[in-house]
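Protein chains in written order, with the numbering used here: chain B, 1 to 316; chain Z, 1001 to 1448.
Any given hint might turn out to be false.
[Claimed, not checked] Facing chain B, a subset of chain Z residues (Cβ under 7 Å, in silico): (1) D1087; (2) A1267; (3) G1414.
[Said to hold, decoys possible] Each computed SDA-like pair below joins lysine to any residue, with the alpha-carbon atoms no more than 20 Å apart: (4) Z/K1437 / B/L78; (5) Z/K1444 / B/Y70; (6) Z/K1088 / B/F53; (7) B/K170 / B/L138; (8) B/K170 / Z/A1267; (9) Z/K1444 / B/F53.
The set of hints was computed from the structure by calculation and includes no laboratory data. All C-beta atoms, glycine included, are put in the ideal place defined by N, C-alpha and C.
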Amino acid sequence: MPVNPFARRVANRGWSPRTRRHFLTGLAFISLWIVGFFAFTLYPMVASLYYSFTEYHIRQPSEWIGLLNYTELFQDPLFWKSLYNTAYMVVFGVPLSLLISFICALLLNIKTPGQSIYRVIYFLPAIVPVVASTLLWLWILNPNSGLLNTLLAEVGIRGPNWTKDPFWSKPSLILLGLWGVGNTIIIYLAGLQDIPTTLIEAAQLDGANWWQRLWAVTIPLVSPITLFNLIIGVIATFQYFAQAYVLSAGISPVGSGLGAPLNSTLFYSVYLYQQGFVYLKMGYASAQAWILFLVIMVCTIFLLRSSEHWTYYEGG
Amino acid sequence: MTRVKRWRMVFVIGVILLFLVAACTPPAPPSSGEAVNEAGAGESTEPQVLRVWITWGDNPAQLQELFDRYTAATGIRVEVNSPVEDDKVIAGLSGNEPPDVLVLGGPDSVGTWAREGLVTPLDDYLATGDVDVEDIFDAPLSQCLYQGNYFCLPWGTDTYALFWNKDLFEEAGLDPDRPPQTLEELAEYAQKLTKVDENGNITQVGFIPDFSWSHLDLYTAMMGGYWYSDDGTKITFTSDPVVNALKWEQQFYCDYNAEEVLRFSSAFGGYASPDNGFYAGKIAMQVEGEWQPGPNFIQKYKPELFYGVAPLPPPADHPERANTNLVSGTVALIPAGVKDKDAAWKLLAWMQSPEILADEMVANFNLPSSGKAAQDPRFHENEKFEVFLNLMSDPNARAPILTPINAEVGTELGQIEEQVLHTCADPLPLLQAAQDKLQPELDKALSE
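Only chain B is shown next, with the shape it has when bound in the complex:
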């Protein structure tokens, strides 16, 4: 008779010995993942929740301070500034990148000679490491000798001082992000190819022009893809870090400080990093992380709820 309480519970579910054996074998196979999940995800998460209520500086024992980290955060102007900067990227950057990806996917879906070459070209930037592409863009955005301002000068426009002007620094980063939307394009492309040609043809027979077919058939049918890309994009943008870090702290010896110019690129994760890993205020940083978690969760739930009104599922 089984002595192991876990095995007994399995037995109580009325599983056949064979099912039970398969279940346990499966468990054994994913045990490494389970260990990893507990050690590197669940335990750190629970620990950070605990530390967010403490003053904790890594090596000394943490001290319980209740909600103080949270109340301090809400009074911290830089917390709000970093939240604003991040929200800016989410509100302007994400929809823009979805729009651009969708348009690119539509173009790449057109049957034309060299189609696969175009697809490769549009996807390539997505595999360039973030640090490399950011450095490349710093060169493109150079106010005097950069490619972008040189082109603008050709048409008589004096381009801005992209990365050093607090007004333009976030648009610069959005621009940089648009360059690497290859992944989103691929997902859209897959969605576009999933649209039954019969629907398009039917619309064509009914006399719908290109625009009407796009508006009435294509866009509704890829709306679940849009929802997916939107949620992934929002979550990723809330955690925006690497590009801003390279831009402001730089990897050159003359970095100008996190968040430069004038805290306009102090994004939420950058500020969190600064509090945790530069000032060693781990408790404060943990509180920041949990607020970010809640913000992302609320946004995701909101998007999912609202999506009921604008997504269309063919089957359901």
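Go by the hints and put chain Z onto chain B.
For chain Z alone, coordinates are given in the frame of chain B:
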């Protein structure tokens, strides 16, 4: 199910549970160094390996070669890891397997870490006489002093002086062999050396105070003070030296056109490249470090550059402040979690020995922190380097003061400097607000 199969299943589940328990158990608390020392040091039969992490270094092979000489002398293998990223350093310091010796680009974090107990105080070790403390220059040594104890030792030291482009001086009708003698004259020269084209675009600039290293600390020292009280317990942001330093810096932006200066300077090429603003002749004067005249910088990227090096001049009404300079630079420390601290100390003491120091600093064109090492003839072959050697040993040389909130203070002052220079804001209200914010933090950190 047969009995054998059942036991096999129990065994598998047991292993899984064991993994889970092992994964979720918090690491054992760090044991006190002394106890481990007595138990573990020297006795082991395994060949000993010491690990050195260095947060800078574009030539890891050269560093490894240097430490291989320790292996040759003692049989103890030294693994050098360079450059190590900052977040890895934090993880290393807080974990139970830190490097035996950690070399940092500057001492800024040492105060913060000392407060958290992440660093070994070195006073007892210094008392052994393994390192000749008297031989270390005062200013570099003082940057390791935190609350009356030494938490690190200076390795390569940096200090800063004024570089000027003699060709551009000649073009502007200035004597190429006479650098500005006062801070006021520097501003006048800068005006003469700045060129603006008919569209209002700057095409050459005389001096940009926060380019390329930020030097607010140096200018503040030149104005006769610092942003902490001498004992490091009070923040003195609103004192005259800080305010005057910022106002002096501000003129180089706001007397011209801050936006244009910024646009001009952000177009400069890479720091270590022929397009560096100074190498390219776009900026006539700049404050830079002792490594510039060396083989890795000007000699490499612009050997034909015709330039001079002199101490940053004092204000006209304070000639006694001549040769005021601020030293900073690499420091070496022993993390608190190191198990065999004696072995780590022996390695650190070896690193500090004059001949090793001299060889390493010659290779990188940094100033040696030891007086004996500085006598090495190789340091005296380059007259421009000599300017820095003299500055470092000058009585007016000083080091930043270490406090537990240096990082916060650095960030805050960096932001204020940016705002004052780039938007022409009035420094005083910003400094006052920052002081009001940071003084309670300093009080709290010091009281812990």
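Status of each hint after checking the structure:
1. D1087: Where the cut-off is 7 Å and the nearest Cβ of chain B is about 5 Å from Z/D1087, the hint holds.
2. A1267: At about 4 Å, which falls below the 7 Å cut-off, the nearest Cβ of chain B leaves the hint on Z/A1267 intact, so it holds.
3. G1414: This hint holds: Z/G1414 lies near chain B, its Cβ roughly 4 Å from the closest one there, short of 7 Å.
4. Z/K1437 / B/L78: Holds: Z/K1437 and B/L78 sit about 13 Å apart, inside 20 Å.
5. Z/K1444 / B/Y70: 19 Å, holds
6. Z/K1088 / B/F53: 25 Å, violated
7. B/K170 / B/L138: 13 Å, holds
8. B/K170 / Z/A1267: Given pair B/K170, Z/A1267 holds - Cα atoms ~19 Å apart, limit 20 Å.
9. Z/K1444 / B/F53: 18 Å, holds
Checked against the numbered hints given earlier, this structure breaks only hint 6.
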